[in-house]
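S.K.: The lines below spell out each chain.
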Amino acid sequence: MLKIGVADTTFARVDMARYVIEVLENHLPNAEIIRYTVPGIKDLPIAAKKLIDEYKCDIVITLGWVGASNIDKLSYLAASIGLIMVQLLTNKHVIDVTVHEDEAKDEEELLEIAIDRAKKHALNLIRLITGGREALTPYAGKGLRQGRPDVGPIKE
Amino acid sequence: MLKIGVADTTFARVDMARYVIEVLENHLPNAEIIRYTVPGIKDLPIAAKKLIDEYKCDIVITLGWVGASNIDKLSYLAASIGLIMVQLLTNKHVIDVTVHEDEAKDEEELLEIAIDRAKKHALNLIRLITGGREALTPYAGKGLRQGRPDVGPIKE
Amino acid sequence: MLKIGVADTTFARVDMARYVIEVLENHLPNAEIIRYTVPGIKDLPIAAKKLIDEYKCDIVITLGWVGASNIDKLSYLAASIGLIMVQLLTNKHVIDVTVHEDEAKDEEELLEIAIDRAKKHALNLIRLITGGREALTPYAGKGLRQGRPDVGPIKE
Amino acid sequence: MLKIGVADTTFARVDMARYVIEVLENHLPNAEIIRYTVPGIKDLPIAAKKLIDEYKCDIVITLGWVGASNIDKLSYLAASIGLIMVQLLTNKHVIDVTVHEDEAKDEEELLEIAIDRAKKHALNLIRLITGGREALTPYAGKGLRQGRPDVGPIKE
Amino acid sequence: MLKIGVADTTFARVDMARYVIEVLENHLPNAEIIRYTVPGIKDLPIAAKKLIDEYKCDIVITLGWVGASNIDKLSYLAASIGLIMVQLLTNKHVIDVTVHEDEAKDEEELLEIAIDRAKKHALNLIRLITGGREALTPYAGKGLRQGRPDVGPIKE
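Chains A, B, C, D and E are the protein sequences, given in the same order.
Taking our numbering, the leading residue of the first sequence gets 1, the next gets one more, and so forth.
Taking our numbering, the leading residue of the second sequence gets 1001, the next gets one more, and so forth.
Taking our numbering, the leading residue of the third sequence gets 2001, the next gets one more, and so forth.
Taking our numbering, the leading residue of the fourth sequence gets 3001, the next gets one more, and so forth.
Taking our numbering, the leading residue of the fifth sequence gets 4001, the next gets one more, and so forth.
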């Protein structure tokens, strides 16, 4: 049985995991979903690592939320490097969903971004874990975006 | 018996460990608390690693203090990456409390931030180590803050 | 038989893999090309790692696309560090093709850069994997550029 | 017998090792001091690693010097991450003394900073290696500074 | 017999390896020099790693060239971290020569910097590999520079 880890934070201002789990349950009703909640983005790498090592997840999705300050961006960088390390140490995908507070002009837009990004990346996760390395190839170079409408490919 | 590491620095201007230990002793009277004090934030990763490897701590909390200059921020980034590496190497949580001198308008506010952040993260540590991966899930996406009042979730 | 990994993203706005594969098939008709498509640049390191570890590729080329914002640049940095780690962990080359949206004045120029860079780096890959460590030595210090015309060496 | 590594650079403009060795010899007359000089700050991590692995040092102090430009700061960041990695790989402390050329208004002040920082961190090293994890605890949160007068704790 | 690796790039605008090899051949006529040319700076870490692991080099010198843009600087940072990792994984020195295009006011000066830096670091390599950890100690804190005239120590 497929095991899917969902790691999220109490720092986030949107319960993105709810939307991710909804998508996962719709498309993979037999998968086991294992959730891990931590305080903030810098705790996500260890949560992802434990979901893979201790809970035997086949793939993980992390749901991070980042403030607008320069310090927040450095934390984002450290967390991003950590999440890549987790993948290299375990040879599993960790799909990294991150919302930055300075991406949107107001809370309403931020909420839309968070929900859209979480759902679309849940679909990415499903494609990768069920379809493998070429499941996303029909969309390669197509300018897909999560959190925003797709921009599409540049016309050749 | 639970062993909890507390790593702090002589660079900090507030004895945050005192507040952390107070919270830990109130909630986990039977836990053993093992303290490790180092000069500055870049020494925290090795202190955390030793607390786990040599002192057999089940979890660690680090209490860092960062100056306002660009150089300080780079040190913060290096230390943050290091603390994440410690966690990935040991599969243990290291709860990272950091106070930045440019977060507050004066010393009084900085003191309040330091104490509040230390106490709240001590509670996070307790929840994670006693309740496990879903102990914080009721607060996921709730916009919790340490050092400041919670901002709360965005209304959906 | 030579196995060559091609990792690309759905975020990219140009299907660079198409141009890479064209070059590879022309020059190495007997090589097996194994493609891996992921959502974005931060997913490329694990794709490259899996292409080497699981699909036994002898060398990999990654095709990244990076937005213009500061956040995008931090993601680029994390991905770059990750791609270097992959190489150090596997002792294989991962040729890293990256296009930045702020490199060009308009989409037309961006398209030209992407195609030129992808093709030229495909040739670099071929030289390295078939000719070894000195295959590129005749061009050392010659100011070669991918995505732009070569600038040439400084006249001595 | 205690073995202490001292790693320094030819790039530095002050022979900080002289002051470090003076302090070490006064306080630990029986310790063996092993010196390693490299060109610049990015060579310090391997010097520290070799001092621990090949020369069996129990602890190392590195004496770095960093220019004022943005490039220099990136080198500082890379070196800092490297020095933390050394510690995590060896489970030994590496006390990192760094002087930045833009810290002072003139050479005289820079010299004072370098000497003060080197001496004070030599004392930190001595306390850590002879007194262990709580040797510095009486100074935790006390706002100690190296290179400058202590700023002291914030009044509670 | 001593084996010395020389890794360089086709991106560079000066054939720095030529000057390095000249110095090496003059001072170490019996050493074997093994060259490895790659496209750009981010490929240098794997070249250095392979020179050590596969070609059994005792020490490596890398010759990097970095453009003037912010993106180039991030690539420099990633490469620098990678080169430090190579050293920590192999316990060998990798002497890192890097020229930044924004260091000089014109091409002529850039050429001078590149040649001077390459030659001086070749001498550093020779001293380290033949004289060991204290070969450079007479120059510690002496304000040596590569690519520029030495600035000398601050007068005490």
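I should point out that these hints are in silico values taken from the structure, not numbers from a laboratory.
Even for Gly, the Cβ is constructed at its ideal location relative to N, Cα and C.
Careful, some of the hints might be misleading.
Claimed, not checked - Derived pair list, reagent style DSS-like, types lysine-lysine, alpha-carbon separation capped at 30 Å: (1) E:Lys4105 x D:Lys3003; (2) A:Lys142 x C:Lys2142; (3) C:Lys2105 x A:Lys105; (4) A:Lys56 x B:Lys1003.
To be verified - Listed next, with one range per pair, are the computed distances between beta-carbon atoms: (5) D:Arg3018 x E:Asp4102: 49 to 55 Å; (6) A:Glu108 x D:Asp3116: 23 to 29 Å; (7) E:Gly4132 x A:Glu54: 42 to 48 Å; (8) A:Glu108 x C:Met2001: 53 to 59 Å.
S.K.: Given the hinted pair Lys142 (chain A) and Lys2142 (chain C), is their alpha-carbon gap at most 30 Å?
M.R.: Status violated; Cα separation ~35 Å.
S.K.: Keeping to a limit of 30 Å between CA atoms, is the pair of Lys4105 (chain E) and Lys3003 (chain D) held or broken?
M.R.: Cα-Cα ~47 Å, so violated.
S.K.: Is the gap between the beta carbons of Gly4132 (chain E) and Glu54 (chain A) within 42 to 48 Å?
M.R.: The hint (42 to 48 Å, Cβ to Cβ) holds, given that Gly4132 (chain E) and Glu54 (chain A) are roughly 46 Å apart.
S.K.: Can you confirm whether the C-alpha distance between Lys2105 (chain C) and Lys105 (chain A) stays at or below 30 Å?
M.R.: Given that 30 Å is the threshold and the Cα spacing comes to 26 Å, the pair holds.
S.K.: Is the gap between the beta carbons of Glu108 (chain A) and Met2001 (chain C) within 53 to 59 Å?
M.R.: Since the Cβ atoms of Glu108 (chain A) and Met2001 (chain C) sit about 55 Å apart, the hinted range of 53 to 59 Å holds.
S.K.: Given the hint of 23 to 29 Å, is the C-beta distance from Glu108 (chain A) to Asp3116 (chain D) inside that range or not?
M.R.: Hint violated: Cβ distance 54 Å, outside 23 to 29 Å.
S.K.: Is it true that the CA of Lys56 (chain A) sits at most 30 Å from the CA of Lys1003 (chain B)?
M.R.: Distance of about 26 Å is within 30 Å: holds.
S.K.: Return holds or violated for the Cβ distance of Arg3018 (chain D) and Asp4102 (chain E) against the range 49 to 55 Å.
M.R.: 35 Å, violated
Violated hints, in rising order: 1, 2, 5 and 6; the structure is consistent with all others.
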